[in-house]
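S.K.: So the chains spell out like this:
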Amino acid sequence: MADYKIEEVKSFDYERPEIKNGYTDQTLYVNLSDDAIAVKPVAEKTKQTFIGGRGYNLWLLWRAVSADTKWDDADNAVCIASGPLGGTPVYPGSGKSIVATLSPLTGSVMDSNVGGYFGPYLKFSGFDALEIQGKSDDEMIVFVDGVEGRIHLFKSEGLPDDAYALSSALTEHFAKGKPRNISVVSAGPGAKNTLMGCLNFSWYDNKRKRARYKQAGRGGIGTVFCNKGIKALVARWDSVTLDTNSPADKEALKEVGKLHSREIVALDPKQNEMSVIGTTHIVTIMNDYDTLPTHNFRYGSHPEAPNLGQAVYRRIFDPGFDGCWMGCTVACSHGIKDFVPMTGPYAGKKVFVDGPEYETVAGCGSNLGIFDALAVVEMNFYCDAYGLDTISVGTSIAFVMECYEMGLIDASHTGGLELYFGNRLAALELLHQMARGEGFGKIVGQGVRRMKTTFARDYGADEKILTDIGMESKGLEFSEYMTKESLAQQGGYGLALKGPQHDEAWLIFLDMVHKLFPTFDDKAEALHWFPMFRTWFSLCGLCKLPWNDIVPEDNKDTDEPAKVMKHIQWYARYFSSVTGRKVSADDLIPMSEAVYNFQRIFNLRMGYGRRAHDTLPYRAVGPVTELEYESRQQRYDEVLKDQFKLDIADKSIAEKVALLRENREAEYRKLTDAVYKRRGWTSDGIPTQATAKRLGIDFPEVLDVLKQAGVDR
Amino acid sequence: MITVGGQQLPWSEGMTIADILADLDDGNQYAVVRVNDQYVSRPNFGKTRVPDGAQVFLIPMIAGG
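As you go down the protein sequences, you meet chains A and B in turn.
Residues 364 to 1076, numbered by the working numbering, are exactly what the first sequence covers, in order.
Residues 11 to 75, numbered by the working numbering, are exactly what the second sequence covers, in order.
The hints are simulated quantities; they were obtained by calculation from the structure and are not laboratory data.
Treat the hints with caution; some may be incorrect.
Subject to a maximum C-alpha distance of 27 Å in a straight line, what follows is the list of computed DSS-like cross-link-like pairs (lysine-lysine) [said to hold, decoys possible]:
#1 K929(A) <-> K878(A)
#2 K57(B) <-> K945(A)
#3 K57(B) <-> K878(A)
#4 K700(A) <-> K570(A)
#5 K57(B) <-> K633(A)
#6 K878(A) <-> K1004(A)
#7 K1033(A) <-> K878(A)
#8 K541(A) <-> K518(A)
#9 K498(A) <-> K518(A)
Only a predicted model underlies this, so the values are computations on that prediction, with no experimental measurement involved.
Use the sequences and the hints to build the structure in full.
M.R.: Here is the structure:
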């Protein structure tokens, strides 16, 4: 390893507060412009309204920025928080960190959640959240040493650029012989040279004796991190027990934690085997139901998709216990050891690859027409090491491949890269260029929205077709589900706060296959309830997988199987036992609703958050081309005849494509109306003052934003 | 014999997943079934034969990412 230098710029001693019922009731503030370090108390009103996690991040960010702040302004903040339940070792999925910032891709608020140990270690070190403002010309390391009760700012030189080597180097540097006490947050060169940078959050794998990592992928948070001059964040904490989070009722917590943990141990082997194959089982299932994106979301299945499915990854994942937080029995964070990349700076060297998960397999595999599992693993490895979001990378490369095949761009634009679907070496070379900020990769690294402008303005490409096939909404690239046949999932993507990411409302299977939302009202209700409940996990520092990926055996016989009410009741008990705030299952949605609406109003404040921003590219709604229509002609003909009651006997394919588009776009508008109404918003998608008051977010500055938008009631 | 959701059932030559589910009261609820290590979705239930001795797991729901 090259020599490196880490030099202290400032240190700040603090008295670590006793954690009480999952909270420290203070946050840590760092400004890299002037090396300021401060501890801020959390007001009781903030705690009651925003709960923690994403809620705290949004409140800190709201106060840090103004309506004019841009992502690369010094005032923009990167906020990271756990949550009151975060760091609990006996309840599965309790180690999530949540990150928020103003996004370079969307210009508005972005949130992303991630495993690893940083969030819990930050809290146990004395802080419910960390807020970093300002910028430095140096490569800065912020070290939160909870063991010593000291914050250090270091400037560094000569450390590795990529997250794979950097996580290891810093873990070793700060560990003092106990690497499990260290968690590192880092990005990488790709985050610096594109707008789609991710953050890597590490944890130490004792069995394999190595630092491993998970990613806060979406929206370019890693790009903001690099723009601030942050090389890494490091947290140090010692042992974690049930008492570390100081639960209000330890016995009740043990009891409910045991119930959920044991159920997972008993049922995961009978259900999705996530502790063996992660989320890779979803690949072939989506393929079977024509919802696996292939060839830039043109189609939903491909005969070679099983080459990317669980049967392959079952063989190549390194067996072992792979929880990204202590004691999590889902343990789905699998990896591949002794992988040897064929390209790039690690070509020919053995590396450990964390992943892949479903989204990466679909985004960097099927959606690029690449059905080679090892090529996907290599894309996964380099995206992580470079600090790039596998979803935005996959969806962006899929877009340029379709543009290339359609003749909208050619080799003179791509620097000679022949970017046809399935060309894995070209895809990998493009990824390396993106990380270096060179060649055509520099353009692709700006994301789909900016590429559409560049291709139309500079290359003369047809703007209308670019709009139809460029898979972004609000500036964020789509995650990896093909939504043409699920109106509810179209809403799940188009009406999401930050853009088309499935963590808010993954309804595609419940809607399309289980047929649980047959009417508009059913879909609108689902697009209220599911985003709200999923938000709750991000307030508390939890992973959503234990909620509904492994379900009780009698769940199917309950009134609302999609909600998995038994688990929701357990979550209410979990929340009560840690925080001492007695809640029932019915109380969880209003908690999220306050934060969810606040985030919507935050979007409005930043110039977004209206109906005009909740749009979708038509590729997400129906077939753009005649070729797509013809590939599923029987299905689309039936939709026109049976659902829309149209006589299509004499219609050409082109006419049928147009008719389907007219009717499906009308349905999406109708759904939008129904969802806005259900959420208590105006017809322009803005929460009313009455909604803000009902939810307790009627702060004067919030009401000012609504009034300025013309919402006076 | 095969095992379906923990219950032992007699096996017959040519038996498909659709045949097994047809004999269950709630067989129409399942969109995905696992036969040993293989995940099979409803569109393929009728054409997927179940071998003798198979462990058949009825996957209650696919909840996704």
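S.K.: Decide, hint by hint, whether the structure agrees.
M.R.: Taking the hints in turn, this is what the structure says about them:
no. : hint                 : result
1   : K929(A) <-> K878(A)  : holds (21 Å)
2   : K57(B) <-> K945(A)   : violated (52 Å)
3   : K57(B) <-> K878(A)   : holds (23 Å)
4   : K700(A) <-> K570(A)  : holds (13 Å)
5   : K57(B) <-> K633(A)   : holds (22 Å)
6   : K878(A) <-> K1004(A) : holds (20 Å)
7   : K1033(A) <-> K878(A) : holds (19 Å)
8   : K541(A) <-> K518(A)  : holds (23 Å)
9   : K498(A) <-> K518(A)  : holds (13 Å)
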